[in-house]
Amino acid sequence: MSNLSSSKYRGYEADRSKYPEMKNGKAVIDLDSHKYTKIWQGPQHPGVTGNMSVELIVNGDEIVWAKTHVGYLHRAFEKLMERRKYIQCFPLVCRICVPEPDTNEYCVSAAMEDLAGITVPEKAQWLRTLNLEMSRIGSYLMWLGGQAGSLGMGAIAQWTVGMRDFWLDLFEEMTGGRVYHMYMIPGGVRKDLPDGFKERARDLIIRTRRLLSDVENTFISNALVKSRLQGLGIITPEMVDEFGIVGPNARAAGRGYDIRINNPYVKYDELDVKMITSTVGDAYARAQLRYNDLHQSLDLVSEILDRMPEEGAIQAEMPNLVNWKIPPGQTYVKAESTRGEHGFYMVSDGSEKPRRVFARGASYTHAISVLEKLAVNISISDLAGLMVSLHTCPPEIER
Amino acid sequence: MEQLIKKIKGMVHLRAYGKQRDDLHFVTVDKAQLEMILAHLKNYEGFTHLAFLQAVDLLEEGKFRLIYMLYNYSTNVNLGVNVLIDRDNAEMNSIHKLWAHGWQYQRELHELFGIDFPDSPRVHESFVLEGWEEMPPMRRDFDTLEYSNRTFYQRPGRSTNDPAEYMKEKIYKNYPAAPVIRRDNE
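Line order of the protein sequences matches chains S and D.
In this text, residue positions in the first sequence follow this note's numbering: the first is 1, and each later residue adds one.
In this text, residue positions in the second sequence follow this note's numbering: the first is 1, and each later residue adds one.
For reference, chain S alone in the conformation it holds in the complex:
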């Protein structure tokens, strides 16, 4: 019962002898006994990470049972894609994750290219890497705001989400869109960088670092944050395989697995990506890890800008995409999103529409199996912090 350590940390040892009574490893909860209360956190609640809800049974302010409910965002993207041509899938897939849509675009493009045997030109690969890494920065800044907000530090959330807006400005210059970009298409990317983009991006990196030093002083080094997050939601190394945990959640538990390093894609094999891990496994370790990963992403964007070729094709020779038929086959392409392994499984039957597309999001297990386990025995006031520290994103669960 790793979560009990959080109570222990605060000098409070939960008395498990009476509430709830355990039989065969399961808690016996009788709501009619008036010892428990059932409440819902979400779907409309500032403490949830999107349109999902957690059904809770609490004893006092301690959660004794939790169950995740999803379905508020189901838009049947996978079914819709089966009825659309390959190129028509792109306006759909970016909507699978709002803060970080580019990972979806990359995975779908790469899956189609893998099945069709298309090689993407060098410059387009660099542009894709830049786009992916920028989207990681945008997502981490939003997460940082969410984590601070979940602990009642709304000002930090406004700083980081405000800074994210400047990154969205860069996305707008680069792709034409702020939130959803539809930048990567089969064979390459849609546009080259506009004039002066690199200078503006370098300037923004400096401004972001300046903000992050403030965030470090007010959030990462804050004793209040430490007391709230240390010992909360501990993921043990054994849980990583058992629950299919990936990304920063797994790396904070000691599992050195980063797809950018282990299965490099686009230009990550030529970049200096470092494996950032921790062995503590609690919410504070995850916060520190993501903070360090954000710094690494800024380094990587800087490196990509330096190494970006000035000239070169941004699109491979492609057939007419309107009537594009892909040879039969199946593939799985994955990329490292800020939440972990994000992948697309695609099956083609040789026609001009995909036979089956499946989006594998990291939150699928983090927000359901893992959250339901880690939420038990914590205080109800810590649930929002726990959800954000797992970086749950409901749209990628429901698709």
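Honestly, the hints are just simulated from the structure, not real lab data.
Hints are not guaranteed to be accurate.
[To be verified] Covered by chain S, according to a simulated footprint, are these stretches of chain D (three or more residues, beta-carbon under 8 Å):
1. 30–39
2. 90–103
3. 136–149
4. 153–160
5. 164–172
[What the hints assert, rightly or not] Capping the alpha-carbon separation at 20 Å, the derived lysine to any residue pairs in SDA-like fashion look like this:
6. D/Lys19 to S/Thr119
7. D/Lys7 to D/Asp22
8. S/Lys79 to D/Leu58
9. S/Lys353 to D/Arg107
10. S/Lys67 to D/Lys19
11. S/Lys79 to D/Lys7
12. S/Lys325 to S/Arg307
13. S/Lys26 to D/Lys97
14. S/Lys373 to D/Pro121
For each residue, glycine too, the CB sits at the ideal point set by N, CA and C.
Chain S is fixed; fit chain D onto it per the hints.
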């Protein structure tokens, strides 16, 4: 990887093997031998990570193809274990004892494809479709248009137009020939 495939061949009836990339391989095994080979791959071959479990509806063949996508952290290889099951009365053994999050995928497949996994915890709970009483919607023969025509209604006063005809009538009426888009280099 070749050695592993040889080993699998020696253990079970390997129906098919395919290599998509150096780090992505697919094998197809019999339904009865699936649990055994998954347990072996997890416990002895290092494929400890279950990335996902999904299904493809092969309507023409009257089958479902299930894909168990495994990953080996030490060799960095993905292995998709495929198994074909009958589409009618589709049923498969549960893997929740091998991976604690396996029940989630099984619950999803039960709801969206109608594949039953007896003994899987919470498999009959609803996932995203609360109160759904129709055919499982991810099956290929689920008629989405018929369903939406039957379930929803057009708001009065709204009509749909063929975009090409509509533009011809409303926008390009005064132009005798179709408009030509000129680009910068023309």
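Evaluation of the provided hints:
With a threshold of 8 Å between beta carbons, the proposed coverage of the segment 30–39 of chain D by chain S is violated, since 0 of its residues qualify and at least three are required. A stretch counts as covered by a chain when three or more of its residues have a beta carbon under 8 Å from one of that chain; for the segment 90–103 of chain D and chain S the count is 4, and the coverage holds. With 4 residues carrying a beta carbon less than 8 Å from a beta carbon of chain S, the segment 136–149 of chain D meets the three-residue requirement, and the given coverage holds. Coverage of the segment 153–160 of chain D by chain S is violated [criterion: at least 3 residues with CB-CB distance below 8 Å; count 0].
Counting residues of the segment 164–172 of chain D whose CB lies closer than 8 Å to any CB of chain S gives 0, so the stated coverage by that chain is violated, three being the minimum. Proximity of D/Lys19 to S/Thr119 is assessed by CA-CA distance (about 18 Å); at most 20 Å being required, the pair is judged to hold. At roughly 18 Å between alpha-carbon atoms, D/Lys7 and D/Asp22 fall within 20 Å of each other, so this suggested pair holds. Distance restraint check for S/Lys79 and D/Leu58: the Cα-Cα separation of roughly 15 Å lies within the 20 Å cut-off, and the hinted pair is therefore satisfied.
As the CA atoms of S/Lys353 and D/Arg107 are separated by approximately 27 Å, the hinted pair breaks the 20 Å bound. With a CA separation close to 40 Å, the supplied pair S/Lys67 and D/Lys19 exceeds the 20 Å bound. Restraint check for S/Lys79 and D/Lys7: not satisfied, since their Cα atoms lie roughly 37 Å apart, outside the 20 Å limit. Simply put, S/Lys325 and S/Arg307 have alpha-carbon atoms about 35 Å apart, too far for the 20 Å limit, and the pair is violated.
Simply put, S/Lys26 and D/Lys97 have alpha-carbon atoms about 17 Å apart, close enough for the 20 Å limit, and the pair holds. Simply put, S/Lys373 and D/Pro121 have alpha-carbon atoms about 15 Å apart, close enough for the 20 Å limit, and the pair holds.
Checked against the numbered hints listed earlier, the structure breaks hints 1, 4, 5, 9, 10, 11 and 12; every other hint is satisfied.
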